[in-house]
Amino acid sequence: MVSDERNTAHRGSPLRARRLIFAGLVAGTICALVAALSYIFSRNGLTWVEIAMIAVFALNTPWMVIGFWNAIIGFGLLHFRRDWLRQVTGLAGLEDVQSPITSRVAIVMPVFNEDPALVVRNLRAVTDGLDATGQADNFDLFLLSDTNKPEIAAEELALFEAWRDRNARPDRLHYRRRAENTRQKVGNIEDFCERWGDGFDYMIVLDADSVMSGEAILRMVRLMQQNPNVGILQTLVTGMPASSAFARMFQFGMRHGMRSYTTGSAWWQGPDGPYWGHNAILRLPVFRAHCHLPALPGERPLGGEILSHDQVEAVFMRRAGYEVRVLPLEDGSYEENPTNLPDFLTRDLRWCQGNMQYVKLFLHPSLIRGVRPMGRLQLLLAIMMYTGAPLWYAFMGLGLVDLVFGPFETIGGPVAEAAPGVPGFGLALFVSVMVMTFAPKILGVLDVALRRSARRSYGGMAKILAGTLVELVFSMLVSPVAALAQTIFIGGLFFGKRIRWDAQERDDRRVTLIEAMSGLWPQTLLGGIFLATLWTVAPQVLPWATPVIAGLLLAVPVATVTSLPGLGRAMFRTGLCAIPEELEVPETLRRIAEPVDFGSVLTLPAVPTAAELRPLADPETA
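Going left to right, the sequence shown walks through residues 1 to 622 as my numbering numbers them.
Because the hints were derived from the structure by calculation, they are not lab data.
Treat the hints with care, since some could be wrong.
Claimed, not checked - Each computed DSBU-like pair below joins lysine-lysine, with the alpha-carbon atoms no more than 35 Å apart: (1) Lys-360 <-> Lys-497; (2) Lys-360 <-> Lys-149; (3) Lys-149 <-> Lys-497.
Said to hold, decoys possible - Ranges between beta-carbon positions, derived for each pair: (4) Glu-587 <-> Leu-450: 22 to 30 Å; (5) Leu-513 <-> Leu-427: 51 to 59 Å; (6) Leu-469 <-> Gly-566: 19 to 27 Å; (7) Leu-450 <-> Leu-59: 29 to 37 Å; (8) Val-404 <-> Thr-546: 34 to 42 Å; (9) Leu-380 <-> Val-585: 33 to 41 Å; (10) Phe-430 <-> Ser-99: 37 to 45 Å; (11) Ala-538 <-> Ala-35: 21 to 29 Å.
C-beta: ideal position from N, C-alpha, C; glycine also.
Using the sequences provided together with the hints, build the complete structure.
Structure follows, in structure tokens:
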């Protein structure tokens, strides 16, 4: 265990002060917003419905306010502190680009029924990038397959062996496929740790759709070598250039909201940072000793194996006395994003199910005994990421009840009457909430606008503003659609509903009208109910509710239109919602674009039997 005592003198007290400041800002903002809403409702007495709305609003506000202050603080650090990266991370060796790699590193990619060509293509890009640095000797790569479809397994093995046969250093490339995917991804990683963990100091985890440049990998290893107190180092992961209109708009907005937000959160979270499960480096002996995940009590979907394993592993690493740090740099770490709305919702609901399992950790304290308060807060924030959706719809539903069935009797008083409005007060609260909601993206755009090199990398300010406008409209339309999907799914979780944890759809594909309608009819129906009710009972409220109603009613056409290949091609030609890696393609992504050519693999080998399921190198010498 690494003690934090030696860091207290120069990091403990400032970190405590940062957290107190942040807590004060968040608490003060929440109190101000709740007080403002209470004042609006209480001008002529409070009804039970209004009290319920205030309570729901108070529960839903923290996630928004935390994001707002993360973005504000991050933006301030980026533009007003010259040494912001050192201030945020506290890491030694941030400028080191030359020290030798003396540690043994395993790069692992766990896969389950993924496209073999994509997997091998990405792994090849990683090894080629490392070879180009001249420091690849201490790295081994493992493809850890849980694939259970025979035809995919056969192609997976054939492509890997063909690649290995043609590689200059085949001894470093290892393939293992399990006959049973026990404990899913967690079990896959655990199996690697048990078989080959003794031979490595660090483990870098990649997803099937993610890659890292050789320079980015070396940076992380050097930082781990120089900071023995760090157990997990997570880097920012940026989207790859996309041809799908949906993916282009999605990752354009996510890219702007990421840098300031993550910098601000790292400033106050410090050594209790997040782990997102991939494109990160872990101190392997500590991970093996302290990060084994328990099975949750009860049946699935909330019980059983922990699906969103990453954040639990992070808090267990911290419990062991090691730091979990995030490096808020957009440099050499990439992933692919969903190419259409239905696939995005499927992925989002998978994460929702995994995060909601954390409720069981709080209901059974013995499972997280010894976890630090900040670790518990991280788990709570992961839950709050998805509880906001049902709370948001509960607030709107209560407001609709108040409009349709009111006026109600006030608490201890007469029936409430319509009170004269306070000029501009309700509008000010509405604008404040909207600004806070979109603050990470707004400040992200401002961050780019204030840096000449960043403006050029996006193709100029005109393209940045055009993309921002398109993406904001896109976000306002998609947000209520995703929120309703989350609300319905969370409700179903408590009645045994679950989503299949399978391979993601990663290719561009067109969403048909029938597919969109079959999956998004609840959004369309609820949008129609909201519109008809407000039109009949309170048409003066319609302007306020238009963003939500429009998003729900347009869910089907948005899903189909944003998947159209022609729209994606048009956006690509004009550079609309382009990210810097599209305009100046990094070498790592150029390697991905090259076709996988390992000769003719027309006759695929038979799927190996259980006895044949072994790596291509003996574990004793790996």
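Hints, verified against the model:
Taking the CA atoms of Lys-360 and Lys-497, the gap is about 16 Å. The hint holds against a cut of 35 Å. For the suggested pair Lys-360 and Lys-149, the alpha carbons sit about 32 Å apart, so the restraint of at most 35 Å is met. For the hint linking Lys-149 to Lys-497, the alpha-carbon distance of about 25 Å falls within 35 Å, and the restraint holds. In this structure, Glu-587 and Leu-450 meet the distance hint of 22 to 30 Å, their C-beta atoms being roughly 28 Å apart.
The given range of 51 to 59 Å is broken by Leu-513 and Leu-427, whose C-beta atoms sit roughly 38 Å from each other. The supplied range of 19 to 27 Å is met by Leu-469 and Gly-566, whose beta-carbon atoms lie about 21 Å from each other. Leu-450 and Leu-59 have their C-beta atoms about 36 Å apart, which keeps the hinted 29 to 37 Å range intact. The beta-carbon spacing between Val-404 and Thr-546, approximately 19 Å, falls outside the hinted interval of 34 to 42 Å.
Remark: the range hint 33 to 41 Å for Leu-380 to Val-585 is upheld by a beta-carbon distance near 40 Å. A beta carbon spacing of about 54 Å between Phe-430 and Ser-99 contradicts the range 37 to 45 Å that was offered as a hint. For the pair Ala-538 and Ala-35, the beta carbons lie near 25 Å from each other, so the given range of 21 to 29 Å is met.
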